[in-house]
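Undergrad: Sequence order for the protein chains is A and B.
The numbers in our numbering rise by one with no breaks, and the one at position 95 of the first sequence is 95.
The numbers in our numbering rise by one with no breaks, and the one at position 86 of the second sequence is 86.
Since the hints were made in silico from the structure, they are not lab data.
Heads up, a few of these hints could be off.
No more than 25 Å apart at the CA atoms, straight line, and that leaves these computed lysine-lysine pairs for BS3-like [what the hints assert, rightly or not]:
1. Lys222(B) <-> Lys249(A)
2. Lys247(A) <-> Lys112(B)
3. Lys308(B) <-> Lys222(B)
4. Lys249(A) <-> Lys308(B)
5. Lys77(B) <-> Lys9(A)
6. Lys245(B) <-> Lys154(B)
7. Lys171(B) <-> Lys66(B)
8. Lys245(B) <-> Lys247(A)
9. Lys208(B) <-> Lys249(A)
10. Lys17(A) <-> Lys176(A)
11. Lys249(A) <-> Lys176(A)
12. Lys308(B) <-> Lys276(B)
13. Lys308(B) <-> Lys247(A)
14. Lys98(B) <-> Lys249(A)
15. Lys17(B) <-> Lys208(B)
16. Lys112(B) <-> Lys98(B)
17. Lys17(A) <-> Lys98(B)
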Amino acid sequence: MTGFIPLLKKELTEQWKTNKVLILASVFLLFGISIPLSYKYMPDLLKLSKQPINFTIPTFTAGQTLAGYAGNIGQVGLLVVVLVAMGSVATELRSGTAVITLSKPVSYAAFVNTKFCALSLNLIVSLIVASLVCFAYTFWLIGPSDVINYVGMNLMLLAFLEFSLAVTLICSCLFKSSVVCGGLSLGILILQAIISALPVIGNYMPGKLLDWGNNLVTGVDITYWWSLGITLALTLGCLVVAPQVLKNKEI
Amino acid sequence: MTAISARNLSKYYGPIKALDKLNLEVPENVVFGFLGPNGAGKTTTVKLLTGFTHPTSGEAWVAGEKVGDGNLNLKAKTGFAPDVPAFYDWMSGQDFLKYIGELHHLSPTEIKSRSAEVLELVELEKAAKRRVGGYSRGMRQRLGIAQALINRPKVLFMDEPTSALDPIGRKEILELILRLRQNATVFMSTHILSDVERVCDSVGIVDKGRLLTVSTVAALQKQYARSVFEMEFTENAAGFVETLKKIGWLADAAMDMSNGKPLVHVRALEIERARKELPRLISESGLTLERYELRLPSLEDIFMEIVKNG
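With the hints as constraints, model all of the structure from the sequences given.
TA: Structural data, given as C-alpha cells:
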C-alpha cells in the first residue's frame, strides 16, 4: 500500500482540523455519562412527575445499565459513525482532491484504507473513553459489574461499528454525493438489522453481535460466533473491494 | 527521444467513441498543444495517458513507462495539473506541497528545497503560509501547477490550464509554461487557440475522438496559407469578383466592404498557378490595386478548416 504513512498522517490531521474527532468522542461520551445517570435516577424522575404510576418502577442492575449504553451506541452512535464517514471518499471525488492525490505514486488501496484506519482510530479512542466513563459511573451510581464481560461487550460493539464503517466507506467510493452514500449505507445497515431479527438466518448477521454483547453483561450464556466470523470477513471484504470499486469508477 | 507515445489508443463508452485509435508521438522537451472543441476527446486522452481511465484497446507509453493499471513508476515520473485544481482548504500552500512531496517519497530536506523552488517558479512565495481556502482562482491554478512540478516530472499533463483565468492570469500561466519547457515535456489540452499559437511547439488537432492532424504551428500555417489571398482596391470590385468565381483553379472569391474599401478574399485550389495568374487578372481588370498579399491564416482559420473537412 504505497503512500500509506503520508496519507494516514493527512487523514488524522484532517479529522482533527475538521472536528470529526470531537464529534464522535462527544456523542459517545454523552451516552457514557447520561445512560448510568438516567438509569439510576429514572424512578426518582418518574416520581417527581406527580402523575399516578400504575406499574412497578424497575431498579436497574449494573449489567442492564451497561447493556443500555451499548444499545444506544449501537443505534445513535452508529448513525454518527455513518454521518462522519459518508463523505470521506465522496467529498474528495466531488471536490477533485482525489484526482490530485491519485495522480501521485499512491495506491488506491492506501487512499481508501487510510481513511478507514483514521476513522477506526477515532472510533476506538472515542469508545474507550466513553466506555471507561460509563463503567466508572455505573460502578459509582449502581454497582459493580464484571470487567471481562464488559470488555467483551465493547469488543462486540467495536466489531459491529467497524463493519458499519466499512460499509459506509464502500458506499462512499460509489457516489460523489455524500447524502446518497449516507442513505445507501443506512439502508444496508437497516436491512441487516431487520434480517438480524429473523430466526436462524439472523444468527449469522452482524447485528447479532449487539445481542451477544448484551448477553455478556446481563449474564445470558448465548454466543454468536458465526456472526462474529461473518462480520469480520465482511469488514475485510469491504476493505479489499472498496479500492477496486474506486479504480473501476475511472475518476 | 519520445516523451509520449500512443498506438491505436481507444476509449469507447458503448457506441460512443470518446477516443478512436489515437496514434501519437510527442518528443521530449516540447510544449505540445492538444487542441479540439468541447467533447472532442481531449480530457479522455489526458485521463488515458495519466492512467485514470482504462483504454478499450491500444497502448501508450509516457516517460518510458507503459500506461496501465497501477503503474506507480509512471506517476512518479509525471505531473498532472487538472483544469480546476482542488486542495484541502485547511492546509496552507506550503503544507499542501509538503503533503505532495511526501506522497512522492521525497526526503524532508528535498521537500523543503523543492517547495521553495516551485513556489518561486509560480510566484506564490508570499502566500505560501496562507490557507489555500483563501486563495484566488489564479493562485489556486498556480498552486495546481506547483504541486505537479514538485517531483521534477519528465512529462507534465495540463488539462485546460487557462480556461477559467482572466487575461492577466492567463498571461502569467502561459509564461510559466514556456519556462517549463527547459526541463519537461508539457502536454497541454486546450480549446483556446491563441494559447496554443503562443506557447506550443507542435499541435495535435482532435475532433469527435479522432486525431485529425499533428504538426508544428508554423508548418500548419505554411500548409494552409496556400488558399488565402487578400486584395484591396480603390473602386468597387464586384465585377472582378464575379469573374474570379468562374475560374476553375480558384475555390472561391468574396468581397468584404466592412472597412469601407473593397477587400477581396480569394482561396486558390492551385497555389502556384494563382500566384502567377492573379496579378495578370488584376491588371486586366483595370482596377486600382492598393494592397495585395498572400495571407498567413490564423490557427483559428486552420482549426476551422481541419475540423470542417474532418
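Undergrad: Does each hint hold? Answer for all of them.
TA: Right, here's what the structure says about each hint:
no., hint, result
1, Lys222(B) <-> Lys249(A), "violated, 44 Å"
2, Lys247(A) <-> Lys112(B), "violated, 32 Å"
3, Lys308(B) <-> Lys222(B), "holds, 19 Å"
4, Lys249(A) <-> Lys308(B), "violated, 34 Å"
5, Lys77(B) <-> Lys9(A), "holds, 24 Å"
6, Lys245(B) <-> Lys154(B), "violated, 53 Å"
7, Lys171(B) <-> Lys66(B), "violated, 34 Å"
8, Lys245(B) <-> Lys247(A), "violated, 59 Å"
9, Lys208(B) <-> Lys249(A), "holds, 23 Å"
10, Lys17(A) <-> Lys176(A), "holds, 22 Å"
11, Lys249(A) <-> Lys176(A), "holds, 11 Å"
12, Lys308(B) <-> Lys276(B), "violated, 29 Å"
13, Lys308(B) <-> Lys247(A), "violated, 37 Å"
14, Lys98(B) <-> Lys249(A), "violated, 28 Å"
15, Lys17(B) <-> Lys208(B), "holds, 8 Å"
16, Lys112(B) <-> Lys98(B), "holds, 8 Å"
17, Lys17(A) <-> Lys98(B), "holds, 17 Å"
Taken one by one, the earlier hints fail for this structure at numbers 1, 2, 4, 6, 7, 8, 12, 13, 14, listed in ascending order.
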